[in-house]
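A.B. asks: Going down the list, the protein sequences come from chains B and Y. At position 260 of the first sequence the residue is numbered 260 (our numbering), and the sequence of numbers has no breaks. At position 103 of the second sequence the residue is numbered 103 (our numbering), and the sequence of numbers has no breaks.
Bear in mind the hints are in silico, worked out from the structure with no lab data behind them. The reader is advised that the hints may include incorrect statements.
Partial pick of chain Y residues on the chain B-facing surface, computed with a CB cut under 7 Å [what the hints assert, rightly or not]:
1) 26
2) 75
3) 77
4) 79
5) 84
6) 86
7) 92
8) 101
9) 104
10) 108
11) 169
Small disclaimer: the values here were computed from a predicted structure and weren't measured. All C-beta atoms, glycine included, are put in the ideal place defined by N, C-alpha and C.
These are the residues of each chain, in order.
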Amino acid sequence: MRTVRFLLQKEFRQIFRNKAIIAMICVMPVVQLAVLPWAADYEVKNVNLAVVDHDHSTFSRQLIQTVTASGYFRLTGYNDSYQDAMHLVERDQADLILEIPAGFERNLVRENQQKLFVAVNAINGTKANLGGAYLAAIIKNYNQTIRTELVSGVTGDPLHLIEITSSNWFNPLMNYKVYMVPGILAILITMVGGFLSALNIVKEKEVGTIEQINVTPIRKHHFILGKLIPFWVLGNIVFTLGLIVSWLIYGIVPEGNLAVLYLFIAIYLVSVLGFGLLVSTFCETQQQAMFIMFFFMMLFVLLGGLFTSIDSMPEWAKTVTRFNPVRYLIEVMRMVMLKGSEIKNIVAHLIIVTLFAIGLNALAIFNYKKTS
Amino acid sequence: MHAVKLNNLTKVYGKEKSVAVDNVSLTVEKGELFGLIGPDGAGKTSIFRMLTTLLLPDGGSAIVDGYDIVKDYAYIRSTVGYMPGKFSLYPDLTVEENLSFFATVFGTTIEENYHLIKDIYIQIEKFKHRRAGKLSGGMKQKLALCCALIHKPTVLFLDEPTTGVDPVSRKEFWEMLKRLKQQGITIMVSTPYMDEATLCDRIALIDQGKILSIETPENITRSYPDKLYAVKAENMYALLKTMESYEHAASSYAFGEYAHVSFREAISEDTVKRYLQDSGLSGVELRPIDATIEDCFINLLKK
Chain B
1 MRTVRFLLQK
11 EFRQIFRNKA
21 IIAMICVMPV
31 VQLAVLPWAA
41 DYEVKNVNLA
51 VVDHDHSTFS
61 RQLIQTVTAS
71 GYFRLTGYND
81 SYQDAMHLVE
91 RDQADLILEI
101 PAGFERNLVR
111 ENQQKLFVAV
121 NAINGTKANL
131 GGAYLAAIIK
141 NYNQTIRTEL
151 VSGVTGDPLH
161 LIEITSSNWF
171 NPLMNYKVYM
181 VPGILAILIT
191 MVGGFLSALN
201 IVKEKEVGTI
211 EQINVTPIRK
221 HHFILGKLIP
231 FWVLGNIVFT
241 LGLIVSWLIY
251 GIVPEGNLAV
261 LYLFIAIYLV
271 SVLGFGLLVS
281 TFCETQQQAM
291 FIMFFFMMLF
301 VLLGGLFTSI
311 DSMPEWAKTV
321 TRFNPVRYLI
331 EVMRMVMLKG
341 SEIKNIVAHL
351 IIVTLFAIGL
361 NALAIFNYKK
371 TS
Chain Y
1 MHAVKLNNLT
11 KVYGKEKSVA
21 VDNVSLTVEK
31 GELFGLIGPD
41 GAGKTSIFRM
51 LTTLLLPDGG
61 SAIVDGYDIV
71 KDYAYIRSTV
81 GYMPGKFSLY
91 PDLTVEENLS
101 FFATVFGTTI
111 EENYHLIKDI
121 YIQIEKFKHR
131 RAGKLSGGMK
141 QKLALCCALI
151 HKPTVLFLDE
161 PTTGVDPVSR
171 KEFWEMLKRL
181 KQQGITIMVS
191 TPYMDEATLC
201 DRIALIDQGK
211 ILSIETPENI
221 TRSYPDKLYA
231 VKAENMYALL
241 KTMESYEHAA
251 SSYAFGEYAH
261 VSFREAISED
271 TVKRYLQDSG
281 LSGVELRPID
291 ATIEDCFINL
301 LKK
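Go ahead and model the full structure; you've got the sequences and the hints to work with.
C.D. replies: Spelled out as structure tokens, the structure:
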């Protein structure tokens, strides 16, 4: 125990002398949480819309007004021909073309039906998809409005309609930030735990200090504990900082019990640190460690359910995500922070992450040698 | 009991089975200052790393301070001091922090063994709040020596401690080693500098993993088989060329501003001088000299 204490003292001294690490620990959570959720937003706004109006009627004007008033679209072109509008698309000034045929109002009133044409620039898939869907929804809505007006004007009877109202649970305003922040926080903790521990141990190899340590009576487990504990503490600090930032900026307060959250983080950090340690046993230089960590980090993030829902992945990808510790953290973070899940709801997650922690650390310790 | 005893110690590296240490056997007595002398790549560091339990031998055995290097590695780690060739203290910790860290790691304090390092530490004490990484080369060596000594090791392994150190610091360093020897610490030191060999009690000349000779430096130089001459001429290159083609010359090689030459049989100095002058060399000087360790080494290598 005494040895571990001295190792910790030395380790913390070195960490606090490393200005870059201190800056990263303080600045990274603040900046990433303050900036990323605003940018990493799935909501599609400012879709550029070009309208080709062959009708120039009251109805067509009303329709255009309804569309632009929705706030999702920006009218960037009001053209007389489809070709002109297409030029706008080619020059990337329009994402959608809405073509209103001649006689739109007349036919709608007389024949009770009319067709509109929507062309979508599908280079940006998400934007095209959502923009098209928004436009369709708006037009449908508009359609209902005018039908109600026309029909009830004629018969005097109210039209029978099914109205659908939905309510969004756990994130009532469908705010993407609420969804993103816990995920980003999860990535942050993984980065601090994994990267710092891996790089730190490899640095001892690179500088050669590990040689000197290896000829001392320091035992293997002392050395490893001396390396893991500081970064476990740092991980918790970063997590706490992140919670404070998300409360200050986004007003996100964990719905669930903070103790449950910290319990999970405590075990999770042990598993990530074990992963960092494992990587460090394979590497001789910090550059190698950095590359390997980046490789896994990309996998962890993209297959962790932060940006894309795991449910919509193909089966093989779903299987891969089961071996991704980050996935469990992101899930638990969202469950506890947004849904207020209790400890009994995350038992399965706890068990899996505990297994990760044991397995990764065991592998790392097995692979770490004092003698070559 | 010997302080260090190597018995056919062997180390083979890699898939191509290159032999770095080839059946090396030697003994170092208690309190001895033993030098391992050889060029880069001779296997000095491999021997040191095996003796300090950092490397597992592929054959043979060794005993350090009565403990087997494989079986009793834990004992050896707490009893020996090792100073690797490359500076390997924490550059981001200060001089004092490094020293007290290594003291506490061995379960001792700076105060307890201060008498051992006093002479050395005094020279760097005024920089004790400076980070180790910001020290000059010579001071780094002194700090590393202090750190290797702070737990009062029974055997001290110094791997090329003077490589890359200026001549004045080198001289100081060897004086420090002599004083440590007086304290009863066995010291095993490796160096590629032949001139440092004479400062050891006994030396082992090593090349390509093989021991060429183990003797006191005096005996090694005394056992040089031929009479050796230092020859000088105005045109050094022409001199070496001429000597090479001289039928009586056994060996000749540049040695500072002189060429060291030995002959196949006893030959008078005048004969050689006349030959050189006849070959068109001017300013010819010739005098008999005692062989140095380097001459012996070159001679042993030729065999």
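A.B. asks: Determine for every hint whether it applies to the structure shown.
C.D. replies: For each hint, the structure was consulted:
no.	hint	verdict
1	26	violated, 21 Å
2	75	violated, 9 Å
3	77	holds, 5 Å
4	79	violated, 9 Å
5	84	holds, 5 Å
6	86	holds, 5 Å
7	92	holds, 5 Å
8	101	holds, 5 Å
9	104	holds, 5 Å
10	108	violated, 11 Å
11	169	violated, 20 Å
Consistency note: the structure conflicts with the earlier hints numbered 1, 2, 4, 10, 11.
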